[in-house]
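Asker: Going line by line, the protein sequences match chains A and B.
Residue 1 is where the first sequence starts when you use my numbering, and the numbers rise one by one after that.
Residue 1001 is where the second sequence starts when you use my numbering, and the numbers rise one by one after that.
Because the hints were derived from the structure by calculation, they are not lab data.
Incorrect hints may appear among the rest.
[To be verified] Simulated crosslink set (DSS-like; lysine-lysine; CA at most 30 Å straight-line): (1) A:Lys281 x A:Lys214; (2) B:Lys1027 x A:Lys281; (3) B:Lys1080 x A:Lys301; (4) B:Lys1027 x A:Lys47; (5) A:Lys288 x B:Lys1065; (6) A:Lys288 x B:Lys1080; (7) B:Lys1027 x A:Lys44.
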Amino acid sequence: MPEFFQLTGIVVVFVTTFLVTFILTPLVARTMRAHKIVGKDVHKVSKSEIPEMCGLAILLGLTIGTLSYVLLFPSAVRETAAFIGTLLIAGFIGFVDDLRPLSARIKPLLTAFACLPILLLGTYTPFPVIPLLGPVRLTIVYPVLLLPIAIAVTSNAVNMMDVMNGSMAGTVGIISLAVTAILFISGETTPAVLSAGLLAAMLAFYYFNRYPAKVFGGDTGSLGVGAALGALSILGRIEAVMIVALIPHIMNAFYGLASVRGLRERREIRQRPTMLLDDGKLEASAEKRAPITLTRLILAKGPLGEREIVQGMMFLTAVSSILAFLTYWITVVGKT
Amino acid sequence: MRNLIPLAAIEVFVWLILLLSTFLISKVAFAISFGDATLIQRVATETARVAASGVIILIWLLVWKRVTDSYFWRTVSRRKATA
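All chains should be modelled from the sequences, with the hints used to inform the complete structure.
Answerer: Okay, here's the thing in structure tokens:
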């Protein structure tokens, strides 16, 4: 597809997704508040109640935005359908989890099923491109094992990062900016357009979710958004690049899980990684058995406010996104 | 932001280890072959390659954890000592 059409697609999806998400987020928030679906802002002294599950606006914004692309370019229907399907299945699992919390062992298993649209529509290439190695043939293991793991890991890693005001939208926004650029450069038209949609949704949602948050995305938003990142890595054949871009998320999830020795719900973990001080700042817990999360690592040098912690997460994500660019470059050099 | 430089350095370090891991995967894991004439041989080859790659990735994650753990506890104990 010529570059002009590629750019047109990106602009159309970006504007549509941004506007729909931006308009819908306060409407969803009002509905959630009316139905008393609210969560406590635990990192504030006031512990104010904020509307939950507003990630629904992200799902709707992305669905409508990317469908507008299919109306313009019908040839992209399969990849777009696979992307929307994955997003909505993971979002639905998050929706159920928000209303009736699922066990920490069941949730990753269920999110793995969100890869079904990609699998059934055949929008994957079982030759993942590995840096320094190039494409490797995994025609059997890729669809059976790696595809479900990719979606489960990305959706749950992003979900575990959604702990502070703006942390999920801010960090995923940075990753989707980098991924859009990488996919655009590599000529992966449809995944680049879908990634631009994700960037737009994150920007619109960040406006409401940033410190001090007026809305919470809930698992509806974070599982859906994480699965969308996983889907982009598969559709755009940038699996290794995505792993590098998600280093802070993997750091947060893996260390959290490793230090509490297994999959456990936040509610099941007695030792908290941080403590809220009287002045509203957070301090890293000195408790040996508390999980070493990214927040606790950022707080190692001393107490910080929630806004500074999220800025720290975004800085680390910007570093990992630059490394993702370098990984892509190494991969391209390796191929030529 | 200056406080985050050690964490950014850890990111760069684990990225370099990741590249080293992919090099090892290419030399060790993808050297495994049980042939590809039959479906069983193909499944065995791919499974062995993924399993060997998984072990290398697990070692990568453990190295990463060791570095991060030592950074965290050293920083916390140094802060306690100066407080």
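Asker: The structure should be examined with respect to each hint, and the outcome stated for every one.
Answerer: Right, here's what the structure says about each hint:
no.: 1; hint: A:Lys281 x A:Lys214; result: holds, 19 Å
no.: 2; hint: B:Lys1027 x A:Lys281; result: violated, 49 Å
no.: 3; hint: B:Lys1080 x A:Lys301; result: holds, 10 Å
no.: 4; hint: B:Lys1027 x A:Lys47; result: violated, 54 Å
no.: 5; hint: A:Lys288 x B:Lys1065; result: holds, 15 Å
no.: 6; hint: A:Lys288 x B:Lys1080; result: holds, 14 Å
no.: 7; hint: B:Lys1027 x A:Lys44; result: violated, 51 Å
In this structure, the hints that do not hold are numbers 2, 4, 7, in rising order.
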